[in-house]
Structures are given as structure tokens and as C-alpha cells.
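Student: Sequence:
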Amino acid sequence: MMSPEERRTLCIHEAAHAVIAALGGAFVQQIVLGAEAGFCVIEGFNVRREFIWWDEDAKCYASDRAAFESYARAIERQTNSFDADLKKAAGIRANVKNTLTQMRKDVRVSLCNLLAGPIADAICAGEGTWSLVVGFDFEFDTDDVQGHDIPKALALAGLLPSPKELEHARISTEAMLRREEVWARVQALADLLAKRGELCEELDAMLPSAIKGWPTSPQTRVRP
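Residue numbers 207 to 430, in the numbering used here, belong to the letters of the sequence shown in order.
One thing to keep in mind: the hints can contain errors.
Claimed, not checked - Derived lysine-lysine pairs resembling DSSO-like cross-links, with alpha carbons at most 30 Å apart: (1) 418 - 311; (2) 311 - 370; (3) 401 - 370; (4) 370 - 418; (5) 265 - 370.
What the hints contain is simulated information worked out from the structure, not anything from laboratory work.
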């Protein structure tokens, strides 16, 4: 059984996941506190599950970037092959472009979402800048729900084109969580989650609106 401090930490962890997901434009349907805490951060985004999988031999999550990119381009070609009537029925006014760009955006949201939990843990503990250190001795507990965040994040980063994606997501996510108004959202959501153990209908009122263009890619130039 969790102590009050452990329960509070877990609530902060899950609330941070939800707030960052919402800021990135993702739909958060439910948060549950318990053995199956949180929500699925891979299937809940525009990333098909076969591009991320658990490698039992390597004891890590693996990803297939080539298949992911091929899938995105196939969707674009298939959609653009629809005749005019079918496009009209589907609400498509012109040829679909940049499907891969949008899917990469979805992956970046999911990546920031995964990192939000561990970063929130560090903020809650009063730690300074959170750093992700992964080396040959990196291990995690496969029975720990929270312990899957970082390995999944590593795999998701592998779907993206730049080697700077993971570090960029870390910096972006921590900067966002350390904003006073964002952290206040996390705390308020955590307080309610601690009381009820499960949140669903309340989320629309509790979660922030999406920030257009966030998170950015490492190549995006920020105007001064």
C-alpha cells in the first residue's frame, strides 16, 4: 500500500503526463491511479503499435523508423488517390500533404508526454535541471509502470530524424512544466486525482488548451 507521500508523487507524475499531452494537442480521455496507472501513450497517438515493440532479447523497447516513414507516405498516396466524390464525403478539399510531418509531430507530443512524468518527479522532489543519462549500465524495472516511460521515450525518439530529438524534447518538456501556470495545472489535477482515483469527465475543464506549434522539432528556429 502506498504512503500518502508516494500517492502524491504518483498523482503528480500522472497529472504531468496528461497536462503535457493536452498542451501538445492530444486528447486525454481518462487518468486512472492504480496498478495500470495513466493511459496508453503509444496507441493513444497517431503511431501504430507495430513501429514500437518490446525486444525480449535486448530487454528494451525497439522501433522501426523506416517502416514508420513508409507507412506515413502510403497513407498520403492512398488518400490522394480517392476520387473527387469520396474526398468531398470525407471533407478533404485538396491533396493531402505532409502526412509524415504531422505524424512526426504526434510522435514528438508522445515523446514529451512520456518524459513529463519523470521530469515532474524531479520537480516535485525539489531537484534542479533533470538530466537523462542512459548508458550501458542503464536498467529499469519492467514491473514498474513508471519505469517504462524512459525506455518508451528512447524508442519513440528513434522514429524521428534528428539525433537531437530526445534532448530537445527533454528541454522543451522541462521548460514547459516549470512554467508557473503549467505547474499549477499539474498540482490541481494531481489533487483531484488523489481524491477520486480516476478522472474522466472532469478533464475537459481541468486540462489546458493546446499550444499551437508545440512541441517544435530540433530544427525549428525560434524567433527572438
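Student: Run every hint past the structure and note whether it holds.
Tutor: Each hint tested on the structure:
The hinted pair formed by residue 418 and residue 311 meets the criterion: a straight-line CA distance of about 11 Å does not exceed 30 Å. With a CA separation close to 15 Å, the supplied pair residue 311 and residue 370 stays within the 30 Å bound. For the hint linking residue 401 to residue 370, the alpha-carbon distance of about 39 Å lies beyond 30 Å, and the restraint is violated. Distance restraint check for residue 370 and residue 418: the Cα-Cα separation of roughly 21 Å lies within the 30 Å cut-off, and the hinted pair is therefore satisfied.
Annotation: proposed proximity of residue 265 to residue 370 holds, straight-line Cα distance about 24 Å (limit 30 Å).
In the structure shown, a violation is registered for the earlier hint numbered 3 alone.
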